[in-house]
Amino acid sequence: MLKKELHELVYEAGLMLGVMASFWLLIQALSFLFDWSMPFSPLLLFIIQWGVLIFSLVSGLSLFARERQQRGIEYMLTLPYSRYRLLAIKALPRLAALIVFFLIYVALASLLAGPDALATYFPLPTGMFLYAILSLFLLGVSHSAFPENFVLLTLVALFAAFLHFFWLAVFFRFSLLKIFDRYLDPSGFQFGFIGFVGILLPLVLAFSLSFRRFDLRLSQGFGRSFKKYLALFLVIGLLVSAIFTVSISESYGEWYSLTAENRLVINQARSLTINDGVQSHRFERSWYSYWLLEDSRFLYFDSFSKSKRSLFRLDKKTFQEEFICDLAGVKNSLHAFRKFKDNLGFIENWIAGDFTNQYTLYVIDLEKKAVKTVPLTGKLPARYYKPRVFGADEIDGRRFWLIQSTKVRLFPLIRVWEDGKVEELGSSRLQPAYIGHRLITYSPAAMVFSRLTGQGVEVIREVPEGKNVQLLNPSLYRHYLDELPVKEVYGSISKNIDEQAIVCLDLENYTVSPVGDWNGHCFYSAPNTYWLIKTESGNDEKFYLTRLGKIENRKITVLKEFSLQDRVERYELSASGIVLKEAGRFKFYSLPDLKELHFKDLN
Amino acid sequence: MNKEIIEVKDVRLSFGKHRALAGIDIRFNQGETVLLAGKNGAGKSTLLRCLAGLIFPDAGHIYRPGIAKHQIGFISDRMSLFEDMTLERAIDFHSRVFQVKEFNRSLMDELNLAPTQKIKDLSAGERAIFHLSLLLSQKPQLLLLDEIIHTMDPYIRELFLNGLIDLIAECGTTVIMVNQTFSDTGRIPERVLIMEDGRFIFDEKSEDLPKKIKKVVTAAGESLKGDIPVLYVNRSSLYREYIVYPYAEEAAKKSGYDFQEVTLTEIIKSFIGGYYAKKRTT
Chain A
27 MLKKELHELV
37 YEAGLMLGVM
47 ASFWLLIQAL
57 SFLFDWSMPF
67 SPLLLFIIQW
77 GVLIFSLVSG
87 LSLFARERQQ
97 RGIEYMLTLP
107 YSRYRLLAIK
117 ALPRLAALIV
127 FFLIYVALAS
137 LLAGPDALAT
147 YFPLPTGMFL
157 YAILSLFLLG
167 VSHSAFPENF
177 VLLTLVALFA
187 AFLHFFWLAV
197 FFRFSLLKIF
207 DRYLDPSGFQ
217 FGFIGFVGIL
227 LPLVLAFSLS
237 FRRFDLRLSQ
247 GFGRSFKKYL
257 ALFLVIGLLV
267 SAIFTVSISE
277 SYGEWYSLTA
287 ENRLVINQAR
297 SLTINDGVQS
307 HRFERSWYSY
317 WLLEDSRFLY
327 FDSFSKSKRS
337 LFRLDKKTFQ
347 EEFICDLAGV
357 KNSLHAFRKF
367 KDNLGFIENW
377 IAGDFTNQYT
387 LYVIDLEKKA
397 VKTVPLTGKL
407 PARYYKPRVF
417 GADEIDGRRF
427 WLIQSTKVRL
437 FPLIRVWEDG
447 KVEELGSSRL
457 QPAYIGHRLI
467 TYSPAAMVFS
477 RLTGQGVEVI
487 REVPEGKNVQ
497 LLNPSLYRHY
507 LDELPVKEVY
517 GSISKNIDEQ
527 AIVCLDLENY
537 TVSPVGDWNG
547 HCFYSAPNTY
557 WLIKTESGND
567 EKFYLTRLGK
577 IENRKITVLK
587 EFSLQDRVER
597 YELSASGIVL
607 KEAGRFKFYS
617 LPDLKELHFK
627 DLN
Chain B
217 MNKEIIEVKD
227 VRLSFGKHRA
237 LAGIDIRFNQ
247 GETVLLAGKN
257 GAGKSTLLRC
267 LAGLIFPDAG
277 HIYRPGIAKH
287 QIGFISDRMS
297 LFEDMTLERA
307 IDFHSRVFQV
317 KEFNRSLMDE
327 LNLAPTQKIK
337 DLSAGERAIF
347 HLSLLLSQKP
357 QLLLLDEIIH
367 TMDPYIRELF
377 LNGLIDLIAE
387 CGTTVIMVNQ
397 TFSDTGRIPE
407 RVLIMEDGRF
417 IFDEKSEDLP
427 KKIKKVVTAA
437 GESLKGDIPV
447 LYVNRSSLYR
457 EYIVYPYAEE
467 AAKKSGYDFQ
477 EVTLTEIIKS
487 FIGGYYAKKR
497 TT
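Just so you know, the protein sequences line up as chains A and B, in that order. Residues in the first sequence are numbered consecutively from 27, following the working numbering. Residues in the second sequence are numbered consecutively from 217, following the working numbering.
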């Protein structure tokens, strides 16, 4: 029987590959005819991914299709196998084939586009892809014995989904945005889990339990049993998924952060509230407000709808809101800003551009409220990912921006002048940095300090003892934008997974000196501000804060030890404060004194 | 006495509102050859599929002590096989699944069936012979045949029945067959069961049939006198044929009629005809 199944599987898989190849050839032909620019790797990966997804569903749905087509169902049921064994013989080879296809995809994607590409969102991240394969297959299997009731089952599943959303809508008092914000992110774990528990699991469980009654009377014994179990599990599934959604919704919709002056910023779906301890100032937005950035004077946020993305800023003292500019053509969330004097620079299309090599450098003049764009399509190294601005400077009045691309253990660097000129600056083995007009890169043997001139790069010093130092000033993912003069920066050398030696890098003498060991994570929050965190896993597998420290004057100081039993969660760490979650409640402390901050009018 | 291999206890089954089996209780013994008859929709094929394990009853139990699933052979009226397979592949498949050590090709050879032929290219009769060949090699303890004999031409039918007789002789197989034409199979069954509306209304050994059912032929328009139980009347312009059931020797002698023996086909036809006559009057 297994041999027969494998035989059929090879046939079906061959058919699928044929369809995929035909589709690929068709696209190639159309590209040739109409002069489309279709990149090879992304197109191939896209076709494979969607081909495998469709095959997953079809493969599940057609579990018994061949037998039906061959009028062999009765013969199949006379074979000396139990129903479950029959199901296993039919389903497991198909499942194995899907896993093989998935692995082939992963290998191909890794080969064609690099391992980093697998974590990106084009076409689907790896984990989500595997989840989608399994879900579609199981969905197909649960419908496979019921060809005549396919429409009915699909309607039941859709109705269940509708009920689920409706229930949540009632719960959230029809504030639908809150719900769909979360659900419309298909790569989110919650999205997958809720769909799985609410809809897929009831179908699969009902099918599995009723399959022992699978016989020629599909709509009778098996069907009745299936419907009975499905009704039961759908009710349970909907309840569980609704409870789960409500439980996660506690932390959803509001995001608490502290500014450098320890004002509380509450970022919500359609508003931004700033609380200075005495009063709250709420700024309503028509759509999303997102991403907190700040400098010494302003708080920056972007606001976006489907059609438009705009940049605003709030004066932290006067609470005056100021529109800066619309960002035409920006589709991705703003990411990895660098500020240079009154200019903000960032790369657009930093996620989706991975495959197309279509990027744009945006430079926003904050004073003139003007936007300049420098097209970078085809100018960044191909098949490297997530390009980011990591530094900026000017020479003889001409401004340039430094951009790093990423691949595993290799960071190619380029310099983009605002007049459009692009220069390659070599590559770095570890994350590069640009601090105090000095470019810090890594050769295989040393940390290299260079000066950028109008013509290129001049090496100032090579520091072999710094070759494995990962700077804690990566200029990425940070909220605080101002560049302040620094004489030294700190870095770490990994010893074990969670253990690292902290070192100090003297930027005047180019020396590396040890500071101490820290069993935990290190955070750079703002120039000259380094926090140390240690978390441990509790019985509930959540991570709780157990130690908080800081690095200052080449010394590690432990600020406070926490007991694991206190269940204190670190929520957000900023330049001079920390948001903790204690017993489900948010609490705010200044750093480094850990004095509790109270905000009036805070619910 | 042969040992019991199937016990059916209060088996009930419906297709929607239609009740196909209405509380069946019956036992079958090893080596027994049973003919299952009745009108269309009486529940014969459904019962056969329940015995084969293709359909689960809604209620009741089917016990098959001492019979494993691989010892059951079933040929349906749809002659279900994986028909895209060649004969060779189907033999290989069946032999592996049922752990057949040696495949008996004698019946196939009689029809000169080529191993490279696909099952779907066989005629109905050839297909039945091929399916029987598969089952003969499997040496089943229980063989269930659902209205397949009438699909065969006389030669293939003879071949099929001979194969069946050989199987019964060699393996002591219990054969339960549903059939509507009885001219050829009449010599085989030891027991005749007739179903009506999901129940058995007749269960007799073949050897007892002549003693229990008789017929009286009279002139057209002549009614049967006396207290004789009539199952069915076959009316024609020339004569009337009264099927008498149950036949009682003493009552027959008193009536003075000439009671004649009936064939199996006539018996079955009478039960079916009797059903429809009863339905007309009610």
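Certain hints may be false.
As the list claims (entries may be wrong) - Quick list of in silico lysine-lysine cross-link-like pairs, DSS-like style, CA-CA up to 30 Å:
no.	chain 1	residue 1	chain 2	residue 2
1	B	428	B	336
2	B	494	B	421
3	B	285	A	253
4	A	30	B	225
5	A	254	B	441
6	B	233	B	219
7	A	253	B	233
8	B	285	B	355
9	B	494	B	225
10	A	30	B	485
11	B	336	A	30
12	A	334	A	447
13	B	470	B	255
14	A	254	B	334
15	B	233	A	254
16	A	29	B	421
17	A	29	B	334
18	B	494	A	30
19	A	334	A	254
20	B	485	B	255
21	A	394	A	367
22	A	29	B	470
23	B	428	B	470
24	A	253	B	225
25	B	285	A	29
26	A	342	A	29
27	A	586	A	613
28	A	30	B	317
29	A	621	A	581
30	B	428	A	29
31	B	255	B	441
32	A	398	A	367
Think of the hints as simulated: they come from the structure by calculation, not from any bench.
Evaluation of the provided hints:
no.	hint	result
1	B/428 <-> B/336	45 Å, violated
2	B/494 <-> B/421	25 Å, holds
3	B/285 <-> A/253	28 Å, holds
4	A/30 <-> B/225	37 Å, violated
5	A/254 <-> B/441	59 Å, violated
6	B/233 <-> B/219	37 Å, violated
7	A/253 <-> B/233	18 Å, holds
8	B/285 <-> B/355	12 Å, holds
9	B/494 <-> B/225	28 Å, holds
10	A/30 <-> B/485	44 Å, violated
11	B/336 <-> A/30	17 Å, holds
12	A/334 <-> A/447	29 Å, holds
13	B/470 <-> B/255	34 Å, violated
14	A/254 <-> B/334	41 Å, violated
15	B/233 <-> A/254	19 Å, holds
16	A/29 <-> B/421	45 Å, violated
17	A/29 <-> B/334	18 Å, holds
18	B/494 <-> A/30	52 Å, violated
19	A/334 <-> A/254	49 Å, violated
20	B/485 <-> B/255	9 Å, holds
21	A/394 <-> A/367	12 Å, holds
22	A/29 <-> B/470	71 Å, violated
23	B/428 <-> B/470	17 Å, holds
24	A/253 <-> B/225	27 Å, holds
25	B/285 <-> A/29	21 Å, holds
26	A/342 <-> A/29	72 Å, violated
27	A/586 <-> A/613	15 Å, holds
28	A/30 <-> B/317	19 Å, holds
29	A/621 <-> A/581	22 Å, holds
30	B/428 <-> A/29	54 Å, violated
31	B/255 <-> B/441	29 Å, holds
32	A/398 <-> A/367	15 Å, holds
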